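**Q** Letter by letter, the chains look like this.
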Amino acid sequence: MRYISEFRRSELAQGLLSQIHRRSKTPVRLMEFCGGHTVTIFKYGIRQLLPETVEMVSGPGCPVCVTANADLDKAIALAQMPGVIVATFGDMLKVPGSDSSLQEAKAGGGDVRTVYSTMDALKIGGDNPDKSIVFLGIGFETTAPTIAASVLQAEERGIKNYYVLSLHKLCPPAIRALLDSGELKLHGLVCPGHVSAIIGSRPWEFIARDYGIPCVVSGFELLDILQSVDMLVNQVESGKSKVEIAYRRAVRPEGNKQALRLMMQVFEPCPAQWRGMGEVPGSGLKLKKKYQRFDAELTFDIRPIPTREPAGCICGDVLRGVKTPADCKLFGRVCTPENPVGPCMVSSEGSCSASYLYGVGLEQ
Amino acid sequence: MCLAIPALIKSIEDKEAEAEIGGITRRISLWLTPEAKVGDYVIVHTGYAINILDQKEAEETLAILEQIARLTEEEG
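Residue numbers (numbering that gives the first Met the number 0), protein chains in the order written: chain C, 0 to 363; chain P, 0 to 75.
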């Protein structure tokens with residue numbers, strides 16, 4: 000068992016597809032929250048393989064995409080400060096803020112380093128004792144425990160020049176906000192697999208219980224997605240709404256208790272700004288009082304600049320699932336992966352980037 | 000962004016491990032999975048093992064999918 004090729008077997012995909020075609024009677028709209036799922040769906044052309052009764056829409060599950068411009072501007076301002084090294088995951092570099100991007104700040108002399116892990120950022124901190132290292136804490140519940148672990152490691156190892164700009168987002172409050180807006184009628188939710196590896200399946204139960212929407216936690220391979228769609232269709236057709244786990248090899252109902260414990264030791268929930276959704280209560284994470292000396296926002300004098308959104312960009316609507324990339328006048332013409340206007344074209348998991356890469360919506 | 004890939008743990012030293020990911024050996028952190036053992040498959044996200052993969056569950060899932068495939072073939 001190597002956990003990859005086994006879950007891409009075409010004869011098993013065929014079986015699942017036949018079952019979905021046979022079972023699905025009621026027209027349904029299912030949302031895949033997570034950008035990683037969007038990529039698998041586009042890569043395998045799953046939307047085209049499903050029956051006409053099953054519509055899939057992409058949700059806001061791309062941390063880079065949902066980061067608000069005002070927050071991006073803070074990261075860019077930090078990168079322009081003398082004596083500061085900004086360490087970030089690579090997909091943040093090209094995201095346009097109000098006036099600039101991290102890549103442009105780097106070209107202008109800012110010290111911006113792409114890292115694979117917070118472990119690399121800690122090493123940069125240790126190697127550059129005369130500089131301040133700011134790690135851009137972008138990510139959902141999957142990533143936040145790794146940032147929490149880095150803060151605890153910095154404390155343990157006495158690294159005094161390590162800071163975090165905490166822009167983390169929590170997924171369940173965002174889904175609640177999305178459902179409360181009433182903009183989009185959903186009949187099922189494909190819940191994010193690696194977020195759930197940390198938080199478990201229980202935090203999704205309010206969706207099934209309070210909104211009557213079936214939920215299935217899915218993995219990221221072809222068979223995972225098809226199995227999840229099949230389970231959602233089955234719930235709809237049998238009049239049920241509950242939370243099921245398709246990704247059982249990686250997700251337990253209670254999640255990863257150690258990761259949750261570290262995350263809540265270092266962080267506490269706070270309001271957060273989501274692109275396209277505005278402020279969502281309890282959907283962010285800030286450093287707890289005990290760890291405030293690691294807080295970049297409290298340590299550095301970040302001057303706010305007037306926030307601007309790119310003209311004509313509809314990333315906000317795309318993130319809420321109410322519009323598709325093909326609805327955007329800029330898509331594939333002005334806005335391409337080489338020259339992105341909005342964040343959904345920058346991140347490889349953004350709907351616009353995935354649509355462009357796999358040619359969805361480019362035919363018009 | 001939440002990309003995480005399976006890795007096989009080859010050796011463990013304190014809170015770090017050498018793990019094989021698609022034929023390449025990488026150093027990963029076990030801060031989030033202190034119970035991981037040599038020979039376990041874990042899913043790795045940004046250099047951290049975020050959970051241990053459960054082989055029994057994986058095999059059961061595949062058995063269900065094989066059954067679905069057999070049934071649909073029989074119904075042809």
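Rather than coming from a laboratory, the hints here were simulated on the basis of the structure.
As the structure is a prediction and not an experimental result, all values here were calculated from the model.
Incorrect hints may appear among the rest.
Unchecked claim - Using 27 Å as the maximum straight-line C-alpha spacing, the simulated BS3-like pairs for lysine-lysine come out as follows:
hint: 1; chain 1: C; residue 1: K288; chain 2: P; residue 2: K55
hint: 2; chain 1: C; residue 1: K93; chain 2: C; residue 2: K328
hint: 3; chain 1: C; residue 1: K159; chain 2: P; residue 2: K55
hint: 4; chain 1: C; residue 1: K289; chain 2: C; residue 2: K93
hint: 5; chain 1: C; residue 1: K289; chain 2: C; residue 2: K241
hint: 6; chain 1: C; residue 1: K256; chain 2: C; residue 2: K24
hint: 7; chain 1: C; residue 1: K24; chain 2: C; residue 2: K239
hint: 8; chain 1: P; residue 1: K14; chain 2: C; residue 2: K289
hint: 9; chain 1: C; residue 1: K105; chain 2: C; residue 2: K122
hint: 10; chain 1: C; residue 1: K93; chain 2: C; residue 2: K122
hint: 11; chain 1: C; residue 1: K289; chain 2: C; residue 2: K322
hint: 12; chain 1: P; residue 1: K36; chain 2: C; residue 2: K122
hint: 13; chain 1: C; residue 1: K24; chain 2: C; residue 2: K241
hint: 14; chain 1: C; residue 1: K159; chain 2: C; residue 2: K289
hint: 15; chain 1: P; residue 1: K36; chain 2: C; residue 2: K239
hint: 16; chain 1: C; residue 1: K256; chain 2: C; residue 2: K287
hint: 17; chain 1: C; residue 1: K241; chain 2: C; residue 2: K122
hint: 18; chain 1: C; residue 1: K241; chain 2: C; residue 2: K256
hint: 19; chain 1: P; residue 1: K9; chain 2: C; residue 2: K241
hint: 20; chain 1: P; residue 1: K36; chain 2: C; residue 2: K256
hint: 21; chain 1: P; residue 1: K36; chain 2: P; residue 2: K55
hint: 22; chain 1: C; residue 1: K130; chain 2: P; residue 2: K9
hint: 23; chain 1: C; residue 1: K122; chain 2: P; residue 2: K55
hint: 24; chain 1: C; residue 1: K122; chain 2: P; residue 2: K14
hint: 25; chain 1: C; residue 1: K24; chain 2: C; residue 2: K322
hint: 26; chain 1: P; residue 1: K14; chain 2: C; residue 2: K287
hint: 27; chain 1: C; residue 1: K42; chain 2: C; residue 2: K328
Claimed, not checked - With beta-carbon atoms standing in for the labels, derived distance ranges:
hint: 28; chain 1: P; residue 1: R26; chain 2: C; residue 2: P268; range: 30 to 36 Å
hint: 29; chain 1: C; residue 1: Y210; chain 2: P; residue 2: E34; range: 32 to 38 Å
hint: 30; chain 1: C; residue 1: Y210; chain 2: P; residue 2: S10; range: 25 to 31 Å
hint: 31; chain 1: C; residue 1: P268; chain 2: P; residue 2: I4; range: 27 to 33 Å
hint: 32; chain 1: C; residue 1: R208; chain 2: P; residue 2: I11; range: 24 to 30 Å
hint: 33; chain 1: P; residue 1: I20; chain 2: C; residue 2: V333; range: 48 to 54 Å
hint: 34; chain 1: C; residue 1: P50; chain 2: P; residue 2: I63; range: 41 to 47 Å
hint: 35; chain 1: C; residue 1: E236; chain 2: P; residue 2: T24; range: 46 to 52 Å
hint: 36; chain 1: C; residue 1: N338; chain 2: P; residue 2: I63; range: 43 to 49 Å
hint: 37; chain 1: C; residue 1: N338; chain 2: P; residue 2: E65; range: 45 to 51 Å
hint: 38; chain 1: P; residue 1: I20; chain 2: C; residue 2: G311; range: 39 to 45 Å
hint: 39; chain 1: P; residue 1: D13; chain 2: C; residue 2: A310; range: 49 to 55 Å
hint: 40; chain 1: P; residue 1: I20; chain 2: C; residue 2: T113; range: 26 to 32 Å
Glycine is no exception: its CB is placed at the ideal position from the N, C-alpha and C atoms.
**Q** Tell me the numbers of any earlier hints that the structure contravenes, in ascending order.
**A** 1, 3, 4, 5, 6, 11, 15, 17, 19, 22, 23, 30, 32, 33, 34, 40
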